[in-house]
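Start from the sequences, fold in the hints, and give me the full structure.
Sequences listed follow chains A and B, in order. First residue of the first sequence: 1, per the numbering used here; consecutive thereafter. First residue of the second sequence: 1001, per the numbering used here; consecutive thereafter.
You can take every hint at face value.
Subject to a maximum C-alpha distance of 25 Å in a straight line, what follows is the list of computed DMTMM-like cross-link-like pairs (lysine to aspartate or glutamate):
| hint | chain 1 | residue 1 | chain 2 | residue 2 |
| --- | --- | --- | --- | --- |
| 1 | A | 263 | B | 1284 |
| 2 | A | 175 | B | 1060 |
| 3 | A | 263 | B | 1092 |
| 4 | B | 1472 | B | 1306 |
| 5 | B | 1062 | A | 178 |
| 6 | B | 1511 | B | 1244 |
| 7 | B | 1426 | A | 324 |
| 8 | B | 1268 | A | 276 |
Hints are computed from structural coordinates only; laboratory data are not their basis.
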Amino acid sequence: MTKLVTRRRVLRGTLGGAAVAVTLPFLECFLDGHGEALASGAPVPTRFGTWFWGLGMNRKIFLPKKIGANFDLQEELESLRPIQQHVNLFTNFRVLTDGRPNLCHTTGWIALRCGTAPSNRNDLASPSVDVLISDAIGGGTRFRSLELSATGNVRDSYSFRSADAINPPVTSATKLYERVFGPEFQDPNSPNFTPDPKIMLQKSVLSGVKEQRDAIVKTLGTADRQRVDQYFTAIRELEGRLELQLQKPAMAEACTLPQAPPKEDGEGEFANVVADRHRAMTDLLVLALACNQTRVFNMIYSASFANTSRVGYSNTHHLVTHEEIEDPKLGYQVLNSWYIRRAMESWSYFVGALAAHKEGAGSLLDRTLVYAHSDTEYAKVHSIDGIPMMTAGSANGRIKTGLHIDGQGDPATRLGYTLQHVMGLQPSSWGTGSMNTNKEIGEILV
Amino acid sequence: MNKKLLYSGLGAAVVLAAAGGALWLLGRNSEPPVKGGPPTARLISSEQYAHAISYVFGPDVKLPGSFPPVQRTNGLVALGTAQAEVTTSAAELYVQSARSIAAQATDPTRRDFLMNCAPAQPPQDACARNVLTRYGRLLFRRPLTDAELNEALGKVQETTRVSGDFYQGLASGLTSFLISPEFLFFIERTEPDPKSPHHVRLNPSSMATRLSLLLWDAPPDEDLLDAAEKGELYTKHGLERQVDRMLASTKLEQGVRSFLIDMLVFEKFDSMTKDPVIYPAFTDKVAVDSREQTLRTLVDHLVVRDLDYRDIFTTRRTFMTGDLGMVYRVPVDRPDIWTPYEFPADSGRAGVLTQVSFLALYSHPGRSSPTQRGRAMREVFLCQVVPTPPPDVDFSKFEAAATTATTARERLTAHRKNPACAGCHKIMDPIGLALEKFDGSGTGRQRENGLPIDTSGDLDNVAFTDAVGLGKAMHDDPAATKCLVSRVFDYARGYKASSGDNAWLTDLNAKFAKSGYRLPALLRDIATSRAFYAVSATAVSAPGVDRAPAAPPLRTASIQ
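This is how it looks when you write it as structure tokens:
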């Protein structure tokens, strides 16, 4: 009698000591002739991410004079030159608070992330835009999203489902490597695939916990029920991740395995340390994306109250924005600008790293959409009209790049709304009050 | 242990009460009424998790790391835990941690001691049942239900069958407990109050957990669970016996430490930076030691010596290490270990405000900040709320002064000429300037930019001339002790007190004064009170949802 070979039997067989190798055909089978789409006709997935820097810019040396393509790069954006063709710059968009106070270094980023100006510092009215997008496209990879903070501070995160569910960031390259490329990583290009029976057992334990749900939540009030349910949702996601690990991962042509980063990541927020940390984490993120470990990411270069400091100078970047006198000849705060330039250098590195990594006929960046922004326009006075925003990448050819867009005073939510549509979401509008919009930024759409 | 036993324990309590031995349940006349809030479901903190694992599996079990931070709410992280949610990233850490702990607990070096299943022969179900019943009860803080036990046993059997290793099976069973919301959330549950048919009371497990979190920042130990399950916490005598046992335990220091870390906002150490060029003596080790110095000082003062809380602002007694000695610029006999140390009377230092932890934490990386220090004094020690700065401050006057002024006082005086700034800076700066003879690293100094430093000022019209005088003014400020009382009470219950608690808090403040402002006495008064365990009959939603500042913001008018 012929016995049926089920996955379970295969797994048990493995445990018996006889390794069972499940081989699958190589990558080219999955891609069409141009490497632009899966052979099934489905498009290659587009990745989405955010990049944040604190404390805005100095208009005089940041804002291009020219609108549209081939915009001029002023001093503070000079470092973007190698990547200018991949980037869009959005200026002159507004954050409208509808009478709510402008909470210093808080209102701006909250409004740009979730479309609603907050009434207090803990008021995160709806999930951040990356979470909305992650809910739509984050499945099917090990991590729904990866949060990274080059500040090294685990409290710096602008990715949230609510004020009580802020996604904690990974704060060093060492930790990022361990999380993504540690023992649980499965090389998608390994010719042999052996499902790990331990994973099946781990999954079974998670399933068991889920079964406690009904008994637990019936004893809880509404708010606590939501909270505990959120935990069960998280457990379900982890279970899904284990399920993925039991299957042969789809091959990833662009995936190469990184070296483990050196143990020492550097302490503190001195600009050189932050730049090193940002670079090391970016390099790993690029490979995490190329190896299909996640499709969504959030990177923080500096927080809104940026603590970035410069060796030998007594004030942090935040303090500098308030206390440094504008140079009478130059007409801007010189040290503040030094910090902004360092931020833009790191942004340039970030985009450049995605652009340099080949995937299919193009680069990883071609299949990515990054939304970058700050928390203020001019930090000295906390202005939130004209907060600089950028995008990088063409999202699989869905948006044009290399443009400078003048918002003409429109709500800044237009960009977040546009990005959601580009990423395949179909909200009828986004934002609340005066920040509500249903107008895409048509100039960048292909 | 099963439900039957639990219920028979409760039955015993009811019988006792009926016999007249627990009139306490009906209310002590001396205690003003409180409404009580809804039951809470606090998320376990990293510290509580560590304390639980250390107690259940032994202090040598290593934890892979800490969990994501919880939002500080209404002045305390402890109140944030009643609202915190678990993201997928956080859940991942809980799962990893659970697997690691379960693997360690069942590894060959510990299994015989912890499990005592050898040399039984397979299928070893009886032993697995014993192990799961024991550890399940400790981790869930109550006896397992039959369904829970069977579910965990199923995991043991499944893993044992597939892996061929009984201990891997046990590890799966333990992992399932460690990732259960029953362990990760302190879910409070109620039961009908037999003495008051229309009301509910916390069930024994929830009562024991509230108590244990307050005094030890840890889940209940077996003694407390035994007492709770027998219904003893519902009797005055039984409750007092447990409270006194717990107050006498060395774990009280651990509990008070956790409270102090929360009250003192010590998570700020995570993001503190000092410029190595400007403050070469201030190393990472100094940062760690300064935090520890303050905790040691306060635990020694408040718990070990059981002294007056107000004296934390004036005591010169502390502990020192060699690295700290470099910053304080004092000789240290044994630089390699913690040594008791007393600042000389003429050192200019007295009390917690003159310790490096406070001075450095509320400073910039390269210079002191009288404003930050003043604000912290108001918010941390007096429970007052300083409004946030307006967004559109005109800094021109301040900048003009900055080019010529050479001391912080002069710079800030210029700042206060701006009406938009003056209101709040009047609240913060005069007390902050009292500490100006300590630089941004906490090291003493007599001059700033060559000019003598004036440290005189007043705390709400109580004048002082220097930091020691400021400490005395804080010592005498009734807001300081009231602040502590309200913080401890909020910390104890996991939600912000409301106006309905005012009469009770007034009474508690009076008792605190009568005790000579002894923290253990305050903890005992709370832990043995009805108010601490009171739950409202009807409300079911989580309390304390409003995160707005609890105290009304200080208005300029009330200060002027």
